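Starting from the given sequences, assemble the full structure and let the hints guide the process.
Per the numbering used here, residue 6 is the first one in the sequence shown, and the count goes up by one each step.
For the record, the hints were derived by calculation from the structure and aren't laboratory data.
From a predicted model like this one, the values you see are computed outputs, not experimental measurements.
Every residue gets a Cβ at the ideal spot worked out from N, C-alpha and C, and that includes glycine.
No incorrect hints appear here.
Computed spacing ranges between beta-carbons, pair by pair:
{"#": "1", "residue 1": "Gly31", "residue 2": "Leu53", "range": "30 to 36 Å"}
{"#": "2", "residue 1": "Ser56", "residue 2": "Gly18", "range": "25 to 31 Å"}
{"#": "3", "residue 1": "Ser54", "residue 2": "Val102", "range": "27 to 33 Å"}
{"#": "4", "residue 1": "Gly30", "residue 2": "Ser56", "range": "43 to 49 Å"}
{"#": "5", "residue 1": "Leu106", "residue 2": "Arg74", "range": "30 to 36 Å"}
{"#": "6", "residue 1": "Gly31", "residue 2": "Glu57", "range": "33 to 39 Å"}
{"#": "7", "residue 1": "Gly31", "residue 2": "Val102", "range": "14 to 20 Å"}
Capping the alpha-carbon separation at 20 Å, the derived lysine to any residue pairs in SDA-like fashion look like this:
{"#": "8", "residue 1": "Lys78", "residue 2": "Gly27"}
{"#": "9", "residue 1": "Lys29", "residue 2": "Leu89"}
{"#": "10", "residue 1": "Lys78", "residue 2": "Tyr26"}
{"#": "11", "residue 1": "Lys29", "residue 2": "Ile15"}
{"#": "12", "residue 1": "Lys29", "residue 2": "Val17"}
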Amino acid sequence: AGLAGQGSAILVGRGANFALYGEKGGLHLRIVASDGLRLERLRQRWNLSLSEALRRMREIDAERSNFIRHHFKHDIEDPRFYDLILNTDYLSPQQAVAAILAVV
6 AGLAGQGSAI LVGRGANFAL YGEKGGLHLR IVASDGLRLE RLRQRWNLSL
56 SEALRRMREI DAERSNFIRH HFKHDIEDPR FYDLILNTDY LSPQQAVAAI
106 LAVV
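In structure tokens:
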């Protein structure tokens with residue numbers, strides 16, 4: 006929370022929204038996509054087969070969920086801890102940026 010109180014900053018990381026919950030002036034974002042789109046992005050980015058991408062996606066999801074549950078005792082999917090949730094199935098990167106800038 007110390008860094009967040011020193012001025013403008015972008016904190017990227019698992020749990021920043023939980024660690025700073027209740028702090029004034031922050032914008033807590035969650036960016037989501039369907040499993041199908043996430044799999045395709047993993048396959049393209051890392052040149053993975055479908056089965057490798059599926060295995061990796063499940064590992065990533067479990068690691069993130071377990072980290073939040075262990076350190077913050079919350080569910081990563083709980084929408085109460087996010088000010089804005091963007092579904093990139095329906096938004097281009099440019100549209101997502103515009104949505105974020107509209108609320109900053």
